[in-house]
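Participant: For chain A, the structure is supplied; the task is to place chain B on it using the hints.
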Amino acid sequence: MKRETPHKPLPANSEWSFELIDAYHKEIARVADDFGLDTYPNQVEIITAEQMMDAYASVGMPVNYNHWSFGKHFLSTEKSYKRGQMGLAYEIVINSNPCIAYLMEENTMTMQALVIAHAAYGHNSFFKGNYLFRTWTNADAIIDYLLFARSYIAQCEERYGEEEVELLLDSCHALMSVGVDRYKRPAKLSMAKEQLRQQEREAYMQSQVNQLWRTLPFQETRATAESERRFPAEPEENLLYFIEKHAPLLEPWQREVVRIVRKVAQYFFPQRQTQVMNEGWATFWHYTLLNKLFDEGYLADSFMLEFLQSHTNVVMQPPYNVPWHRGINPYALGFSMWQDIRRICEHPTDEDRAWFPDIAGSNWLETFDFAMRNFKDESFVAQYLSPKVMRDFRMFAIEDDERESKLRVSAIHDDLGFRRIREVLSEQYNLGNREPYIQVWNVDLRGDRSLTLRHHEHKRRPLGKTIDQVMKHLARLWGFTVRLETLKPDGSIELLQEARIERRDP
Amino acid sequence: MVRIIDRRFDSKKKSAVNRQRFMRRFKHQIRRAVSDAIGGRSIRDVDSGENISIPSKDLSEPQFQHGEGGVWETVFSGNDRFSSGDRINRPPPGGGQGGGSSASNEGEGEDDFVFQLNREEFLDLFFEDLELPNLVRTQLAQLVEYKSHRAGFTNDGVPANINIIRSLRGALGRRLALGAPHWAEIRELQEELDEKREALGEDHEEVQELAEKIARLRARIEAIPFIDSYDLRYNNRVKVPKPTTSAVMFCVMDVSGSMDEEKKSTAKRFFMLLYLFLLRTYERIEVVFIRHHTIAKEVDEEDFFHSRESGGTVVSSALVMMRDIIRDRYGSGAWNIYGAQASDGDNWENDSPQCRELLDATILPFCQYFAYIEITPGEPQNLWREYQVLQASHANFAMQRIENMGDIYPVFRELFKKSLI
Numbered sequence: 001m002k003r004e005t006p007h008k009p010l011p012a013n014s015e016w017s018f019e020l021i022d023a024y025h026k027e028i029a030r031v032a033d034d035f036g037l038d039t040y041p042n043q044v045e046i047i048t049a050e051q052m053m054d055a056y057a058s059v060g061m062p063v064n065y066n067h068w069s070f071g072k073h074f075l076s077t078e079k080s081y082k083r084g085q086m087g088l089a090y091e092i093v094i095n096s097n098p099c100i101a102y103l104m105e106e107n108t109m110t111m112q113a114l115v116i117a118h119a120a121y122g123h124n125s126f127f128k129g130n131y132l133f134r135t136w137t138n139a140d141a142i143i144d145y146l147l148f149a150r151s152y153i154a155q156c157e158e159r160y161g162e163e164e165v166e167l168l169l170d171s172c173h174a175l176m177s178v179g180v181d182r183y184k185r186p187a188k189l190s191m192a193k194e195q196l197r198q199q200e201r202e203a204y205m206q207s208q209v210n211q212l213w214r215t216l217p218f219q220e221t222r223a224t225a226e227s228e229r230r231f232p233a234e235p236e237e238n239l240l241y242f243i244e245k246h247a248p249l250l251e252p253w254q255r256e257v258v259r260i261v262r263k264v265a266q267y268f269f270p271q272r273q274t275q276v277m278n279e280g281w282a283t284f285w286h287y288t289l290l291n292k293l294f295d296e297g298y299l300a301d302s303f304m305l306e307f308l309q310s311h312t313n314v315v316m317q318p319p320y321n322v323p324w325h326r327g328i329n330p331y332a333l334g335f336s337m338w339q340d341i342r343r344i345c346e347h348p349t350d351e352d353r354a355w356f357p358d359i360a361g362s363n364w365l366e367t368f369d370f371a372m373r374n375f376k377d378e379s380f381v382a383q384y385l386s387p388k389v390m391r392d393f394r395m396f397a398i399e400d401d402e403r404e405s406k407l408r409v410s411a412i413h414d415d416l417g418f419r420r421i422r423e424v425l426s427e428q429y430n431l432g433n434r435e436p437y438i439q440v441w442n443v444d445l446r447g448d449r450s451l452t453l454r455h456h457e458h459k460r461r462p463l464g465k466t467i468d469q470v471m472k473h474l475a476r477l478w479g480f481t482v483r484l485e486t487l488k489p490d491g492s493i494e495l496l497q498e499a500r501i502e503r504r505d506p
Numbered sequence: 001m002v003r004i005i006d007r008r009f010d011s012k013k014k015s016a017v018n019r020q021r022f023m024r025r026f027k028h029q030i031r032r033a034v035s036d037a038i039g040g041r042s043i044r045d046v047d048s049g050e051n052i053s054i055p056s057k058d059l060s061e062p063q064f065q066h067g068e069g070g071v072w073e074t075v076f077s078g079n080d081r082f083s084s085g086d087r088i089n090r091p092p093p094g095g096g097q098g099g100g101s102s103a104s105n106e107g108e109g110e111d112d113f114v115f116q117l118n119r120e121e122f123l124d125l126f127f128e129d130l131e132l133p134n135l136v137r138t139q140l141a142q143l144v145e146y147k148s149h150r151a152g153f154t155n156d157g158v159p160a161n162i163n164i165i166r167s168l169r170g171a172l173g174r175r176l177a178l179g180a181p182h183w184a185e186i187r188e189l190q191e192e193l194d195e196k197r198e199a200l201g202e203d204h205e206e207v208q209e210l211a212e213k214i215a216r217l218r219a220r221i222e223a224i225p226f227i228d229s230y231d232l233r234y235n236n237r238v239k240v241p242k243p244t245t246s247a248v249m250f251c252v253m254d255v256s257g258s259m260d261e262e263k264k265s266t267a268k269r270f271f272m273l274l275y276l277f278l279l280r281t282y283e284r285i286e287v288v289f290i291r292h293h294t295i296a297k298e299v300d301e302e303d304f305f306h307s308r309e310s311g312g313t314v315v316s317s318a319l320v321m322m323r324d325i326i327r328d329r330y331g332s333g334a335w336n337i338y339g340a341q342a343s344d345g346d347n348w349e350n351d352s353p354q355c356r357e358l359l360d361a362t363i364l365p366f367c368q369y370f371a372y373i374e375i376t377p378g379e380p381q382n383l384w385r386e387y388q389v390l391q392a393s394h395a396n397f398a399m400q401r402i403e404n405m406g407d408i409y410p411v412f413r414e415l416f417k418k419s420l421i
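Read top to bottom, the protein sequences are chains A and B.
My numbering numbers the first residue of the first sequence as 1 and each following residue consecutively.
My numbering numbers the first residue of the second sequence as 1 and each following residue consecutively.
One chain only, chain A, in its complex shape (with noise of 0.2 Å):
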């Protein structure tokens, strides 16, 4: 590689300081800027691998409240990190403003440069730029809430104790992948107001919880038609709201923390929806400035050899049939993706020509800007998987129909196959087929009380055996009778479940 402008290189200790890491910043920094890439301010910390276990038990934030699920992921951690099977990551990064990134002090310097550029250039950028993040999540208030939350979490379980609290935190758990918002766009959050509000609602909730209650016996003798309207009268997808606005019994505190938990959710849903774009963006930035630091003569070779060794391990697609295969992994396609938009922008071929000629030939840096803010995995698949990269990966697609005695290959990276695949891996992106579809159908107004969940069958796929436990947390919170009812696609129901509360005295 040719240096055109030799620069003294920075020093290439293996062991990092202070002065070091800020050194390797101010350099990441300035290309990063001469990139475009616009980030929250950076704020690294510098932490222990013990700390860094206790980061990933509390689902990567500096603060959460109490709970023994997340003991018991501290504890796996802990003990597949002693028993060497497994590295820490190297870094976490928190989607706040200033954004976050923890540094581990084994961590050799090339490792920490390598990290400053993943986390607090390539994940920051993504933060803030992406659609889904700017909508879904604040950045300026997510540690103010997660305090307010532990804090007023550890105050129930002062007044109500701590048992209560955890078994409704555990109900509430459980119904937490049902419990974002997929469509509608959420009320931002603010510390501030949450806390106003907070003592309004639950007076007010309650209030209203109460009228709908409280009206019934007097409807009895209205008109027969009316008894068959349903309630909710749109389905709701949202399971936690739901029951934090509507179940009967709760009490204000325990709607709170129900909220509590649904606001979480929905703070890391984004990063469900994003994990290849996210992660292939912020390893192809750190790939591409390092690079670049390289080529103006800052990095030394020993620096550049660990680098790429690391970095080869984490973009590493092992084939489909070697024991540690585990699917795609989203690294490697997001990087691989990433790089061929950059290719097609720069130096296109016919067939890129006629696949992408929006932006064949076109400015690499704003087409990237705009992939980056507006796509999800799901989009981003479907719109710029090219051929060049599936060829590459060498994919194809497997049916597998329980109907059949054999599985099929449907598709694979040919002429035929391509539009198969590219439409086959984006649906496999697509949350909304990976995970059940079950929305709140009625409930009984003027009978039982008991609430009905509607799933709605896709592709002859079932229910997994977990679903009678997590309907007895259901019922839990709902108070009375919940049943589970599938819709078939030829229009058929059938009920799946149903968890009975009896009361007497309600």
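Hint data in this document are derived by calculation from the structure and do not stem from the laboratory.
For every residue, glycine included, the Cβ atom is placed at its ideal position computed from N, Cα and C.
Careful: at least some of the hints might be erroneous.
Unchecked claim - From the structure, some residues in chain A lie toward chain B, with a derived Cβ separation under 8 Å:
| hint | residue |
| --- | --- |
| 1 | Ile-47 |
| 2 | Ala-174 |
| 3 | Val-314 |
| 4 | Met-316 |
| 5 | Arg-342 |
| 6 | Glu-366 |
| 7 | Asn-374 |
| 8 | Glu-399 |
| 9 | Glu-402 |
| 10 | Gln-428 |
| 11 | Asn-430 |
| 12 | Gln-469 |
Facilitator: Positioned in the frame of chain A, the structure of chain B alone reads:
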């Protein structure tokens, strides 16, 4: 602009609370795992931590999930042999993720959840609800012994405790402090003297006067004592009450012909539990192993458990030996004495009343606790009947029967159950 914050010294163990909650939540399962674990351990390694495994289904966090079945289409990488439309066999269930297994990857792993308990947690769970009987005397005994500790310096004390460095440092400081004003004056006068001497010459009256003044001041400085009684510092030592942390445990076992290996290993488990249990309360424990058939012998652990003897049984021989050892070695009152005797209950007929008398008069009064276990599937024998008399009259004597290995733990719990008084 970046902010680099060093968090390494922040509070660690943020997850400690969550870990505790996890333990509390699954106490039941963990306790069961602990008592399973103790069954498979030998006396030597029982003291370490333990891997506890709990069926993961007990602690799953259920979510709405897809089960297996239906139609799934999945993309894989690394195609090396397939073309569109190929039909391939399903990979065997559970065998590797490769080979195009497109079953739901969201199913819960059925493996056990394994984690490590440290030694304290393990023992706490193991001995939960158990209490060492007769701790009262130990607590009284705690005040008897004192240990001398350093505790800084004082202004008075005995000459042997003078701390020279501290004292001289004080003296130097005092000399500097007392001399300082004179020195300042001397410097001023000296300057004046030099000027005057220059102007007026050596013999002028004023010059003479100044020189005299300086000489007087110097004399005063000289007069400051090199070391004064204020300066003396003494090493301070305070007496700290030392808790009695030593205990001695007597393991008495019958090794006559009727005690087979299985009975001995049952006894070993029992001694092991007792040892561990004592270890939680006492820093240092001495163990005395006494085995006997017709005559008693003090042996080491290896011999105690593994060598085999045959012949008749005279239990009193061992008790006599125990009595003598207590008198000779542990008679000072600073020792907490525990006794455990294991036997199959077989004794020479005329000896049993003698055993009772020995215990009654010469051993039980010195013991914190004495436990007798009889390992036999059959009817209780004469020794048991004699001991029953003791049980009525001594609160620190307990006896239990063990029929097989599985009884050890319940019996142990029975013996050391927390008393509600």
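Participant: Return the status of the interface hint for A/Ile-47: holds when the least beta-carbon distance to chain B is below 8 Å, violated otherwise.
Facilitator: OK, holds: A/Ile-47 within 8 Å of chain B, min 5 Å.
Participant: Is the shortest C-beta separation between A/Gln-469 and chain B less than 8 Å?
Facilitator: holds, 4 Å
Participant: Under 8 Å is the threshold here; is the Cβ of A/Asn-374 close enough to any Cβ of chain B for the hint to stand?
Facilitator: violated, 23 Å
Participant: Are A/Glu-366 and chain B close enough, Cβ to Cβ, to be under 8 Å, as the hint says?
Facilitator: violated, 27 Å
Participant: So, as I understand it, the hint says A/Arg-342 touches chain B; can you test that by seeing if any CB pair is closer than 8 Å?
Facilitator: violated, 21 Å
Participant: Next item in the hint list is A/Ala-174. Is there a CB on chain B closer than 8 Å to its CB?
Facilitator: holds, 5 Å
Participant: Is the hint on A/Met-316 kept, meaning its closest Cβ partner in chain B is under 8 Å away?
Facilitator: Not OK, violated: A/Met-316 not within 8 Å of chain B, min 11 Å.
Participant: Does A/Glu-399 pass the interface hint, meaning its C-beta sits closer than 8 Å to a C-beta of chain B?
Facilitator: Interface hint status for A/Glu-399: holds (5 Å vs cutoff 8 Å).
Participant: Holds or violated: the hint that A/Val-314 contacts chain B, with Cβ atoms closer than 8 Å.
Facilitator: violated, 16 Å
Participant: At a threshold of 8 Å, is the proposed contact between A/Asn-430 and chain B supported by beta-carbon distances?
Facilitator: Hint on A/Asn-430: violated, closest Cβ of chain B at ~12 Å, above 8 Å.
Participant: Does the interface hint hold: is A/Gln-428 within less than 8 Å of chain B, judged Cβ to Cβ?
Facilitator: holds, 6 Å
Participant: Should the hint that A/Glu-402 touches chain B count as held when the rule is a Cβ pair under 8 Å?
Facilitator: Check passed: Cβ of A/Glu-402 comes within 5 Å of chain B, closer than 8 Å.
In terms of the numbered hints stated before, the structure departs from hints 3, 4, 5, 6, 7, 11, listed from lowest to highest.
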